[in-house]
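Engineer: Next come the chains, spelled out residue by residue.
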Amino acid sequence: MSYATIEKLNSLKESGLKRIYPGRIKINVGMATCGISTGAGRLYDQLLEELEKFKIDALVARSGCLGFCQIEPLIDITFPGYPKLIYSRVTPDQLSGIVKELADGGLTGKGALARVTEDSSSVDGSMRDYPLTGIIEGIKDIPLISDLGFYKKQLKIALNNCGLIDPDSIEEYIARGGYYPLYKVLSGLKPEEVVDEIKKSGLRGRGGGGFPTGIKWETCRNAKGESKYIICNADEGDPGAYMDRSIMEGDPHSVIEGMIIGGYAIGSSQGYIYVRNEYPLAVKKCRIAIDKAHECGFLGENIFGSGFNFDIKISRGGGAFVCGESTALMASLEGKIGRPRAKYIHTVKRGFRDSPSNLNNVETWANVPTIISRGSGWYKKIGTEKSAGTKVFSVVGKINNTGLVEVPMGISLREIIYDIGGGIPGGKRFKAVQTGGPSGGCIPERLIDLSVDFDELTKVGSMMGSGGMIVMDENTCMVDIARYFIDFLKDESCGKCVPCREGIYRLHEILTGICNGEGKEEDIDLLLEMSRSIKMTALCGLGSTSPNSILTTLEYFRDEYEAHIIDKKCPAGVCKALITYTIDPEKCTGCVRCAKECPQEAISGEKKTPHVIHQEKCIKCGVCFEVCNFKSVVIN
Amino acid sequence: MVNEIDVKKIDSIVMDKYEADSENLLHILQDINSEYSYIPEQGMKIVAERLCIPVSQVYSVATYYKALNLEPRGRHVISVCTGTACHVRGAGKIIEKIERELGIKAGGTSSDMKFSLQTVRCIGCCSLGPVINVGEDTHGRLKQDALPKILKKYE
Ligand SMILES: Cc1cc2nc3c(=O)[nH]c(=O)nc-3n(C[C@H](O)[C@H](O)[C@H](O)COP(=O)(O)O)c2cc1C
Ligand code: FES
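Chains as they are written, first to last, in our numbering: chain A, 1 to 636; chain B, 1001 to 1155.
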């Protein structure tokens, strides 16, 4: 096979541009996991069928996720002469209506969420507008996507292509500037210069710890060893965070290109992507992308005629959270049990197969091509002094606009939760936001003006983690949350060291006792003392960060613990042993809905007269509370 | 129900696909697991023999990873997400409802081998929580009362 050349790259770019801007009708259906789970697959089939029926000439493609998962399924349509229109929560009927409009030779814009008049790409800084033929009535009143609260403050680098291109098309990736950074590296930069550029950019690892990426690369480059390995950590174990999945499903080439550049920089010819077992679609998209990169000569031998060889293999994880930890991950890659080891010798010196191994997170790799292309100076200007660039957050939980957002670091929590996230649903009060996964902590409402970067989050007792932000409202019990994380870690502890294996187990017992109304006053001090000793003595990051959820909730929400222990009350109405469900006779209309749904037949009453819950039968499943349309079921 | 072990099938996974390389042990077991819905004891013995490693090593890996099962599972595996985003939006109630509907506990399999029920910490669909997977289908934005209808769809 002949190697890649700049001419070939240019011609791939041409065909990519023709696919993105075909000069005829172009329709993208968002088909990442979030889209598919809301019915995008069926919409896609329906779309092809109806276009065929009306003999409409259109290019239909499947794209990744635009980030606004709350309002999936998302479809975007470009009709020549119109701006690109984005439709959200698309139903089959609505889709039929849109196809009819297309058949009639235009779009009315009815029901569209937003319009896009230009596409920009941060990789090459390009700007491409949608040439308009005059102003079309109805369309101009649709808000610009950049004016939507959800997108206004976002800046996309790692998510540059997500939702905009077909992840299976390497041409579309190239059309938006991709693989030119690799060409730039292999045609003129020395490995040391690449390392230097990453160092100067201030890029820090996006997988949790925020370790400076350039320094890691340099140490690995300087380490002695015949073979060296590049590894991508795609184990994404933090519950509530899914940016890595979205990047792999929507823009796998950005990760692959980052890894090839990294391989050249540290002197490695073999890369591995260790993907979480629960992400089958991501595995599929990465496989296709690797094959395509091979076909085009970006992977394999003598890439761009430079003499540099690189290849990537995919390894599927086995469903163990601790395998996201570097030493455990490498053991797992070797087919062994994924248990961490003490890091007297770091993995950059001796890791996978006892060789120098450079592990970075998916999002870290996805930033690399843009840094190379735009330069460290450009990148460093984004974000804060010590946390350069952007970070992707998954804003989820009790919040109006859930989804993936990428923002410059240093933005305040308030901006993320209110301006982008649109605040808390149902007029409820914002209580806390949990960041950093099981290793992180809960940040209370009063710190809402905190600027979000690696160091500020650590200062308040939490951490960046992989970027999950789980928003909690007044109906979230903070003791229950602490117990939730401890329960998670109890299951995931590998059992190698005593503080973690036994300590977490005991913490869980105490917390469960408190939630069940069996808490004792001395429990709080015991929790604090045990937390401190586990922090100091556990072998790996899983154990040593495990008490964070307890420590932060105790610091910021001690009154809730006391309410559980002393008053035997759960103020948020969550802990089953401490609550009862009753029906407010004033509000109950006697619609019998709750009585029908109750699995215990614990609710009785005549039609059209107020109903009663019989406490001795009630198992507190909460169905009545959920189904009541009149808010007459109350939690006491 | 006991599955017949097809030695040839296991051999083709171990020898042909993974070239009897013990570094691929996890992948070999994953493939066997998806072939049989679990890893039969005899399968473990064959793998150990072919890779020239102790059965105890195979067993330790097979019991360490959640993706591997030592018991046969139902035709449809229901995975209820109990990740943080789903937890705060009521995943606990979803799992209790399914437990009541199927009469089994999380980790169990219905006696007609139709469903197995398990929990999983986040399937990456957090914005649509609470979420469950049935086989490869994802169902999001769930409420307890929607579950019976969803479960009925599966044979
Ligand atoms: C218990 C535990 C779980 C981890 N899980 C992940 C993970 O799922 N994904 C990830 O990228 N890093 C995870 N990490 C961090 C990794 O050990 C490692 O620091 C990171 O992948 C390095 O890449 P980065 O420098 O690009 O962030 C975890 C660490 C610990 C201690
Ligand atoms: S927390 Fe349930 S899908 Fe992520």
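One or more hints might be untrue.
To be verified - In silico DSS-like pairs for lysine-lysine, Cα to Cα no more than 30 Å straight-line:
#: 1; chain 1: B; residue 1: Lys1149; chain 2: A; residue 2: Lys620
#: 2; chain 1: B; residue 1: Lys1105; chain 2: A; residue 2: Lys617
#: 3; chain 1: B; residue 1: Lys1017; chain 2: A; residue 2: Lys617
#: 4; chain 1: B; residue 1: Lys1009; chain 2: A; residue 2: Lys313
#: 5; chain 1: B; residue 1: Lys1143; chain 2: A; residue 2: Lys631
#: 6; chain 1: B; residue 1: Lys1093; chain 2: A; residue 2: Lys596
#: 7; chain 1: B; residue 1: Lys1045; chain 2: A; residue 2: Lys313
#: 8; chain 1: A; residue 1: Lys617; chain 2: B; residue 2: Lys1149
#: 9; chain 1: B; residue 1: Lys1143; chain 2: A; residue 2: Lys490
#: 10; chain 1: B; residue 1: Lys1143; chain 2: A; residue 2: Lys576
#: 11; chain 1: A; residue 1: Lys26; chain 2: A; residue 2: Lys313
#: 12; chain 1: A; residue 1: Lys153; chain 2: B; residue 2: Lys1149
#: 13; chain 1: B; residue 1: Lys1066; chain 2: A; residue 2: Lys576
#: 14; chain 1: A; residue 1: Lys284; chain 2: B; residue 2: Lys1114
#: 15; chain 1: A; residue 1: Lys596; chain 2: B; residue 2: Lys1017
#: 16; chain 1: A; residue 1: Lys608; chain 2: A; residue 2: Lys587
#: 17; chain 1: A; residue 1: Lys496; chain 2: B; residue 2: Lys1114
#: 18; chain 1: B; residue 1: Lys1066; chain 2: A; residue 2: Lys631
#: 19; chain 1: A; residue 1: Lys587; chain 2: B; residue 2: Lys1105
#: 20; chain 1: A; residue 1: Lys284; chain 2: B; residue 2: Lys1153
#: 21; chain 1: A; residue 1: Lys620; chain 2: B; residue 2: Lys1009
#: 22; chain 1: A; residue 1: Lys292; chain 2: B; residue 2: Lys1017
#: 23; chain 1: A; residue 1: Lys343; chain 2: B; residue 2: Lys1017
#: 24; chain 1: B; residue 1: Lys1066; chain 2: A; residue 2: Lys284
What the hints assert, rightly or not - Facing chain B, according to a computed beta carbon distance under 7 Å, are these residues of chain A, among others:
#: 25; residue: Cys69
#: 26; residue: Gln154
#: 27; residue: Arg245
#: 28; residue: Gly319
The hints are simulated quantities; they were obtained by calculation from the structure and are not laboratory data. Each residue gets a CB set at the ideal place from its N, CA and C atoms; glycine is no exception.
Engineer: Run every hint past the structure and note whether it holds.
Structural biologist: Do the hints match the structure? See the list:
For the given pair, Lys1149/B sits about 22 Å from Lys620/A by alpha-carbon distance, which is consistent with the 30 Å threshold. Taken as a hint, the Lys1105/B and Lys617/A pair is honoured in the structure, with Cα atoms around 20 Å apart against an allowance of 30 Å. Under the criterion of a C-alpha separation no larger than 30 Å, the hint pairing Lys1017/B with Lys617/A is inconsistent with the structure, at around 56 Å. Using a Cα cut-off of 30 Å, the hinted pair Lys1009/B and Lys313/A holds, with the two alpha carbons roughly 24 Å apart.
Between the alpha carbons of Lys1143/B and Lys631/A the distance comes to roughly 16 Å, so the proposed pair stays at or under 30 Å and holds. Simply put, Lys1093/B and Lys596/A have alpha-carbon atoms about 17 Å apart, close enough for the 30 Å limit, and the pair holds. A hinted pair counts as satisfied when its Cα atoms are at most 30 Å apart, and Lys1045/B with Lys313/A qualifies at roughly 28 Å. Taken as a hint, the Lys617/A and Lys1149/B pair is honoured in the structure, with Cα atoms around 25 Å apart against an allowance of 30 Å.
As the CA atoms of Lys1143/B and Lys490/A are separated by approximately 28 Å, the hinted pair is consistent with the 30 Å bound. Between Lys1143/B and Lys576/A, the direct Cα distance comes to roughly 19 Å. Compliance with the 30 Å bound is thereby established for this hinted pair. A threshold of 30 Å between alpha carbons decides the hint, and for Lys26/A with Lys313/A the separation of about 34 Å lies outside it, so the pair is violated. Distance check on the hinted pair: Lys153/A and Lys1149/B sit about 41 Å apart at the alpha-carbon level, beyond 30 Å; violated.
Between Lys1066/B and Lys576/A the CA atoms are separated by roughly 29 Å; this keeps the pair inside 30 Å, and the hint holds. With a C-alpha separation of about 27 Å, the suggested pairing of Lys284/A with Lys1114/B holds against the 30 Å cut-off. Between Lys596/A and Lys1017/B the CA atoms are separated by roughly 54 Å; this puts the pair beyond 30 Å, and the hint is violated. Of the supplied pair hints, the one linking Lys608/A and Lys587/A holds, its CA atoms being roughly 11 Å apart against a limit of 30 Å.
For the hint pairing Lys496/A with Lys1114/B, the CA-to-CA distance comes to about 37 Å; that exceeds 30 Å, so the pair is violated. Annotation: proposed proximity of Lys1066/B to Lys631/A is violated, straight-line Cα distance about 41 Å (limit 30 Å). A distance of roughly 36 Å separates the Cα atoms of Lys587/A and Lys1105/B; the hinted pair therefore is violated under the 30 Å criterion. This hinted pair checks out: Lys284/A and Lys1153/B have alpha carbons roughly 26 Å apart, not beyond 30 Å.
In summary, the hint linking Lys620/A to Lys1009/B is not supported, as the alpha carbons are separated by about 49 Å, beyond the 30 Å threshold. Proximity of Lys292/A to Lys1017/B is assessed by CA-CA distance (about 22 Å); at most 30 Å being required, the pair is judged to hold. For the given pair, Lys343/A sits about 34 Å from Lys1017/B by alpha-carbon distance, which is inconsistent with the 30 Å threshold. Between Lys1066/B and Lys284/A, the direct Cα distance comes to roughly 21 Å. Compliance with the 30 Å bound is thereby established for this hinted pair.
Annotation: Cys69/A was flagged as interfacial toward chain B, and the flag holds, the nearest CB pair being 4 Å apart, inside 7 Å. Checking Gln154/A against chain B by beta carbon gives a least distance of about 15 Å; that is not within 7 Å, so the hint is violated. Residue-level restraint check for Arg245/A holds (minimum Cβ-Cβ distance to chain B is 4 Å; threshold 7 Å). Contact between Gly319/A and chain B, as hinted, is supported at the beta carbon level, the nearest pair being about 4 Å apart and thus within 7 Å.
The earlier numbered hints that this structure contradicts are 3, 11, 12, 15, 17, 18, 19, 21, 23 and 26.
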